[in-house]
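Novice: Protein chains in written order, with numbering that gives the first Met the number 0: chain A, 0 to 152; chain B, 0 to 176.
Please keep in mind that the hints were generated in silico from the structure rather than gathered at the bench. We treat Cβ as the ideally placed atom computed from N, Cα and C, and that holds for glycine. Keep in mind that the hints are not guaranteed to be accurate.
One side only, chain B facing chain A, incomplete, derived with CB under 8 Å [unchecked claim]: (1) Ser34; (2) Pro35; (3) Gly38; (4) Thr57; (5) Asn103; (6) Thr105; (7) Asp107; (8) Asp128; (9) Ala129; (10) Ile133; (11) Tyr135; (12) Gly136; (13) Val137; (14) Gly139.
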Amino acid sequence: MRRVALPIAVAALLALGGLVALELLRPAGEPTPPEQARQIAGELRCPDCQALSVAESQTAAAAAIRRQIVEQLAAGQAPAQVRAYFVARYGDWILLEPSSPFAWWAPPAVVLLGIGAFALWLRRGRGEVPPIETAPNPGAQDRIREEVEQLDA
Amino acid sequence: MRPARLRWLLVPLVVLPLAWLLFTGLGRDPRLIPSPLVGKPMPAFAGATLDGDRFSSTELAGKPAVVNFWGSYCIPSCVDEHPVLLDLVARHGDDLRMVGVLVNDTPDGARGFLARYGQVSWPNVLNADASISIDYGVTGPPETFFVDARGIVLARHVGPLTPAVVAEQLAALGIEP
């Protein structure tokens, strides 16, 4: 039984892995205009509410922006042009995620720089600690010897 | 100079710029939110008004203009700035043009507001589809745009107008406050 079960399990695992790989590598199809509209609305900040996207908000302003997105896509505008249209009116503020890659990399870079500077400071600080005298001076040695002898007496 | 002393110089080099950023940030007016429209031609608009007429922004050409976005539900901010707007037009109506734009409001709501807090002499555009609010990047009433005689947006003020803000913006428009 074991002789049969092991190859079957391996084959099943391989087949599963293959399916997962196929799904991951499958080229994504072109999104439909409604999908594009939902995606753009999800990237834009609702102008008159807090921490909500245009896609999530039920305010009249968000509804108006959703309507304009649909109209602009229907008029043949590319998603990037639609985003640029709203950025030109509201500024980068309207984007829920920063458009500049610098905004993503700057915080971890600053943290890493800080850790590096702190490590350097620790290493340099350790180097400045005065070396411990390995041999006590002769006078002190004599005094210690005398005190030990007094204790023993 | 010894490297150990140089290291202490790093402290002011880091702390002073941070302190400067903090203090300049605290000193900024949070109502003066930067707008991509500042320095650019005002977006053109047209539409029906509360009085049943038609208004086009081309009517603003040739004089400084104030475009005020408001709504009857915007309480107390729009109520607070209403007398400031009335005073502005009473004293400088000959020097500038004023237009109101409704934000997510009904004509009946706006008429009720004006009946209660004071009728105005300037047109108020209905903006039913919110397209004018979007074109101006309005985040919520009240918001006011100051436009010079060439049609260039000079400033955007978020929140209720005060006499001090009006005086500052009038001076920028070249009008004696």
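Novice: If a hint holds in the structure, say so; if it does not, say that too.
Specialist: For each hint, the structure was consulted:
1. Ser34: holds (7 Å)
2. Pro35: holds (5 Å)
3. Gly38: violated (13 Å)
4. Thr57: violated (20 Å)
5. Asn103: holds (4 Å)
6. Thr105: Given a least distance of 11 Å, the restraint on Thr105(B) is violated.
7. Asp107: Violated. Min distance 16 Å.
8. Asp128: holds (6 Å)
9. Ala129: Check passed: Cβ of Ala129(B) comes within 3 Å of chain A, closer than 8 Å.
10. Ile133: holds (6 Å)
11. Tyr135: holds (7 Å)
12. Gly136: holds (4 Å)
13. Val137: holds (7 Å)
14. Gly139: holds (4 Å)
This entry does not satisfy hints 3, 4, 6 and 7, going by the numbered hints stated previously.
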